[in-house]
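The opening position of the sequence shown corresponds to residue 1 in the numbering used here, with each subsequent residue numbered one higher.
Since the hints were derived computationally from the structure, they do not count as laboratory data.
Among the hints, a few may not be true.
[To be verified] Listed below are the simulated EDC-like cross-link pairs for lysine to aspartate or glutamate, each with C-alpha atoms no more than 20 Å apart in a straight line:
| # | residue 1 | residue 2 |
| --- | --- | --- |
| 1 | Lys117 | Glu173 |
| 2 | Lys90 | Glu132 |
| 3 | Lys116 | Glu173 |
| 4 | Lys38 | Asp54 |
| 5 | Lys81 | Glu128 |
| 6 | Lys112 | Asp54 |
| 7 | Lys81 | Asp54 |
| 8 | Lys81 | Glu173 |
| 9 | Lys116 | Asp54 |
| 10 | Lys90 | Glu128 |
| 11 | Lys82 | Glu132 |
| 12 | Lys82 | Glu128 |
| 13 | Lys107 | Glu177 |
| 14 | Lys124 | Asp54 |
| 15 | Lys38 | Glu109 |
| 16 | Lys117 | Glu177 |
| 17 | Lys116 | Glu128 |
| 18 | Lys134 | Asp106 |
[Said to hold, decoys possible] Here are the computed distance ranges between Cβ atoms for each label pair:
| # | residue 1 | residue 2 | range |
| --- | --- | --- | --- |
| 19 | Lys38 | Asn69 | 20 to 26 Å |
| 20 | Asn80 | Tyr51 | 39 to 45 Å |
| 21 | Phe47 | Asn80 | 20 to 26 Å |
| 22 | Lys107 | Lys81 | 35 to 41 Å |
| 23 | Met37 | Ile83 | 33 to 39 Å |
| 24 | Leu161 | Lys60 | 25 to 31 Å |
| 25 | Leu89 | Asn69 | 20 to 26 Å |
| 26 | Lys124 | Arg68 | 17 to 23 Å |
| 27 | Asn94 | Glu132 | 30 to 36 Å |
Only a predicted model underlies this, so the values are computations on that prediction, with no experimental measurement involved.
Ideal Cβ placement from N, Cα and C applies to all residues, glycine included.
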Amino acid sequence: HFEKIIKKIKKINNVSKIKKLCDDTIAIDNFTRLNWMKILILGASGFLGSYLKDYFKKKKIKFISCGRNTKNNLRIKNYNKKILSNIILKYNPNVVINLVAITNVDKCEKNKNLAKKINTNISKSLYEIKNEHKLKINFIYISTDQIYNRVKKSDEKNVILNNYYSRSKFNAEKYIEKTIKESFNCP
């Protein structure tokens, strides 16, 4: 079910449409399943993370939020692999929603190493942790619509990397896709 949500979110570039999609999807979903799940939100201080926290609170869905400010359950400024591993092993979530990102295109261009560390390597670390500890975790990764051509109808094959922000997010997508294929022995 989460895969369908992600596919829809990737195609939407309007925030109000994303909120509506989340509302409709969660309303349709089975709340008893969501209530027994442990959901970990990484990057919960950002725009979408703040919205999800408010929404989950309103719907009484249990979650643990991690972010750079004190409005989260866990305050984290440096999402390195060791810290992520400690959090995941301690809280043992069923679902990890990765919203950690540098979305400022100019900042990504000026500091490519930081953009790669945040936008690419955190996702890699999450999958490495999962595989190293043989964990059964579902990941939700939010990428960007900036990798698609906006002039004509976009599809997965029509990728245009105009800036380092889109490249760093796309690299994370490709790593995730490769890791999933390897996990399931897919060609």
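Hint check results:
no.: 1; hint: Lys117 <-> Glu173; verdict: holds (14 Å)
no.: 2; hint: Lys90 <-> Glu132; verdict: holds (15 Å)
no.: 3; hint: Lys116 <-> Glu173; verdict: holds (12 Å)
no.: 4; hint: Lys38 <-> Asp54; verdict: holds (16 Å)
no.: 5; hint: Lys81 <-> Glu128; verdict: holds (9 Å)
no.: 6; hint: Lys112 <-> Asp54; verdict: violated (32 Å)
no.: 7; hint: Lys81 <-> Asp54; verdict: violated (27 Å)
no.: 8; hint: Lys81 <-> Glu173; verdict: holds (18 Å)
no.: 9; hint: Lys116 <-> Asp54; verdict: violated (29 Å)
no.: 10; hint: Lys90 <-> Glu128; verdict: holds (16 Å)
no.: 11; hint: Lys82 <-> Glu132; verdict: holds (12 Å)
no.: 12; hint: Lys82 <-> Glu128; verdict: holds (11 Å)
no.: 13; hint: Lys107 <-> Glu177; verdict: violated (26 Å)
no.: 14; hint: Lys124 <-> Asp54; verdict: violated (28 Å)
no.: 15; hint: Lys38 <-> Glu109; verdict: violated (36 Å)
no.: 16; hint: Lys117 <-> Glu177; verdict: holds (18 Å)
no.: 17; hint: Lys116 <-> Glu128; verdict: holds (16 Å)
no.: 18; hint: Lys134 <-> Asp106; verdict: violated (38 Å)
no.: 19; hint: Lys38 <-> Asn69: 20 to 26 Å; verdict: holds (22 Å)
no.: 20; hint: Asn80 <-> Tyr51: 39 to 45 Å; verdict: violated (26 Å)
no.: 21; hint: Phe47 <-> Asn80: 20 to 26 Å; verdict: holds (23 Å)
no.: 22; hint: Lys107 <-> Lys81: 35 to 41 Å; verdict: violated (23 Å)
no.: 23; hint: Met37 <-> Ile83: 33 to 39 Å; verdict: violated (22 Å)
no.: 24; hint: Leu161 <-> Lys60: 25 to 31 Å; verdict: violated (41 Å)
no.: 25; hint: Leu89 <-> Asn69: 20 to 26 Å; verdict: holds (24 Å)
no.: 26; hint: Lys124 <-> Arg68: 17 to 23 Å; verdict: holds (20 Å)
no.: 27; hint: Asn94 <-> Glu132: 30 to 36 Å; verdict: violated (18 Å)
Hint check: violations occur at hints 6, 7, 9, 13, 14, 15, 18, 20, 22, 23, 24, 27; the rest are consistent with the structure.
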